[in-house]
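Peer 1: Chains as they are written, first to last, in the numbering used here: chain A, 1 to 273; chain B, 1 to 273.
Just so you know, these hints were derived from the structure itself, not from any lab.
Incorrect hints may appear among the rest.
As the list claims (entries may be wrong) - Quick list of simulated restraints, FRET-style, between CB atoms:
id : chain 1 : residue 1 : chain 2 : residue 2 : range
1  : B       : N135      : A       : E109      : 20 to 28 Å
2  : B       : N135      : A       : A170      : 55 to 63 Å
3  : B       : E109      : A       : S196      : 34 to 42 Å
4  : A       : E44       : B       : E119      : 46 to 54 Å
5  : B       : T80       : A       : N252      : 31 to 39 Å
6  : A       : S196      : B       : N135      : 49 to 57 Å
7  : A       : Q228      : B       : V208      : 31 to 39 Å
8  : A       : E119      : B       : G232      : 16 to 24 Å
9  : A       : V208      : B       : H251      : 47 to 55 Å
10 : B       : A43       : A       : Q270      : 29 to 37 Å
Each residue gets a CB set at the ideal place from its N, CA and C atoms; glycine is no exception.
There are 2 protein chains.
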Amino acid sequence: MADLARLSINQATTREQYSLAQAITAYSEADVAGISIWRDKLAECGLPEAVRMLGDSNLRVSGLCRGGSFPAIDAAGRQTSLDDNRAAIDEAAALGADCLVLVAGGLPEGSKDLAAAREMIRDGIGAMLPHARANKVPLAIEPLHPMYAADRCAINTLSQALDLCDELGAGVGVAVDVYHLWWDPDLQAQIDRAGSRVVAYHVCDWLVPTTDLLLDRGMMGDGVIDIQQISGWVENTGYNGLIEVEIFSAHNWWKRPGAEVIRVCRERFQEKV
Amino acid sequence: MADLARLSINQATTREQYSLAQAITAYSEADVAGISIWRDKLAECGLPEAVRMLGDSNLRVSGLCRGGSFPAIDAAGRQTSLDDNRAAIDEAAALGADCLVLVAGGLPEGSKDLAAAREMIRDGIGAMLPHARANKVPLAIEPLHPMYAADRCAINTLSQALDLCDELGAGVGVAVDVYHLWWDPDLQAQIDRAGSRVVAYHVCDWLVPTTDLLLDRGMMGDGVIDIQQISGWVENTGYNGLIEVEIFSAHNWWKRPGAEVIRVCRERFQEKV
């Protein structure tokens with residue numbers, strides 16, 4: 001149902017197959033509209049070369065992955081994180097990315113204080129926000145599934161992310177990812193609440209069974225998420241940006257030829273999103 | 001900090017080591033105050049023998065695990081579930097269990113309709129409630145971690161469980177399990193809201209990393225949950241019942257001698273709960 005003109009592929013979906021240069025070439029040749037870029041892959045490629053290649057392609061950059069990781073055990077650690085986040089903003093601006101995705105970070109080593117981690121997240125985003133605004137890079141807080149609360153991201157519901165947006169003001173929105181949010185009984189209401197603050201929309205599927213907490217995401221249609229229903233809720237906010245396929249799949253999609261993964265992404269995007 | 005007089009061990013914690021008869025004997029000899037019983041183990045033992053052994057012991061039964069699994073693809077499936085839930089109530093009554101724990105069930109085979117599954121859960125509990133009330137068996141809706149929404153339980157937050165309690169009325173409460181709920185930014189407020197409807201309190205810990213979605217729970221103190229904080233919130237509701245240790249641990253605690261597991265449960269209960 002989704003229009004292919006809105007298809008972006010997050011390069012993590014072909015992480016094991018392609019360098020950034022190879023992904024730009026392969027996605028472009030397959031007429032994919034956008035790409036989401038990871039900073040480790042960007043560093044390998046070099047920012048100038050990536051900017052040059054993107055300029056020669058028709059690919060839009062739906063997002064840069066990722067800023068965040070704000071909580072740290074001490075002020076020096078938090079400062080290191082802020083410096084890195086400012087560098088990420090500079091990169092996102094150079095790439096013309098639609099947003100910088102923030103995976104906020106979990107508990108600092110040795111801590112059990114989730115409330116304190118959440119305060120560090122708020123303060124960290126607040127501290128980087130002026131630089132993001134000055135560079136016209138929208139920040140996308142991505143609430144991650146509660147199973148990542150300890151070690152990756154202590155922002156675990158869309159409601160919580162929007163409370164942060166309310167507090168922080170212009171320049172901060174949310175990334176809605178069906179994988180992280182599909183279970184939430186309050187999801188429709190919170191997407192409505194988000195309105196124009198939806199700055200990214202990510203799709204994949206929840207497999208049954210799921211055999212790994214991190215690397216066993218499914219292709220759209222292979223799991224149990226009613227993706228079209230959630231897409232409808234997102235559409236109702238007026239969101240008309242790219243829709244990004246992001247699949248971490250160590251035992252399936254990462255083992256297939258990249259061209260096959262792209263082909264199936266295209267098919268399922270039209271049928272299932 | 002917790003008083004050993006309130007320690008119950010869920011027999012799943014020694015599932016691989018003990019039959020029900022062996023667990024009753026071992027827990028009693030270790031001066032554990034309570035046991036939570038699983039129906040598959042009860043069936044092996046036989047209800048009359050279990051009742052006789054419990055009568056000869058000082059063990060209280062903090063819960064029977066479990067009722068639930070309400071969603072089904074058709075009316076016949078839902079009726080089968082209701083019949084089974086009524087049998088579970090009869091067993092809980094015979095055992096004098098403090099509650100029947102409900103793990104509500106996830107999506108029926110082939111369905112992606114989470115809202116419909118949640119309606120079936122509400123209707124299922126409503127249908128069994130008169131039998132529970134007549135037998136004076138409190139029902140404990142246990143919200144399960146969102147990672148189980150698809151295949152085990154579509155009730156995933158305490159808020160959602162309490163909404164069901166509000167709708168269904170007397171005889172239905174909640175089981176608060178730190179493993180399922182610790183990540184919820186709204187947890188303190190929802191425990192306050194629960195008040196006297198907290199009918200069970202379960203503890204274990206969230207390990208980092210967690211290597212299995214189901215069978216990698218940690219012993220209290222080995223993970224990142226601030227259990228004492230949550231215990232304080234539960235205490236504030238006036239809950240003064242047994243506190244149950246429930247650990248599914250295929251690769252660690254299930255491989256150790258039962259006596260060692262019980263000993264460590266006792267130690268950590270005093271230090272960490």
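Peer 1: Take the hints in turn and mark each one as holding or not.
Peer 2: Tested hints:
1. B:N135 with A:E109: 20 to 28 Å: Once the Cβ atoms are compared, 50 Å apart, the range 20 to 28 Å for E109 (chain A) and N135 (chain B) is violated.
2. B:N135 with A:A170: 55 to 63 Å: holds, 58 Å
3. B:E109 with A:S196: 34 to 42 Å: For S196 (chain A) against E109 (chain B), whose Cβ atoms are near 39 Å apart, the range 34 to 42 Å holds.
4. A:E44 with B:E119: 46 to 54 Å: Given about 50 Å between the Cβ atoms, the range holds.
5. B:T80 with A:N252: 31 to 39 Å: holds, 34 Å
6. A:S196 with B:N135: 49 to 57 Å: holds, 53 Å
7. A:Q228 with B:V208: 31 to 39 Å: Holds - the Cβ-Cβ distance for Q228 (chain A) and V208 (chain B), about 35 Å, lies within 31 to 39 Å.
8. A:E119 with B:G232: 16 to 24 Å: holds, 20 Å
9. A:V208 with B:H251: 47 to 55 Å: Violated - the Cβ-Cβ distance for V208 (chain A) and H251 (chain B), about 22 Å, lies outside 47 to 55 Å.
10. B:A43 with A:Q270: 29 to 37 Å: Violated: the Cβ-Cβ distance is about 50 Å, outside 29 to 37 Å.
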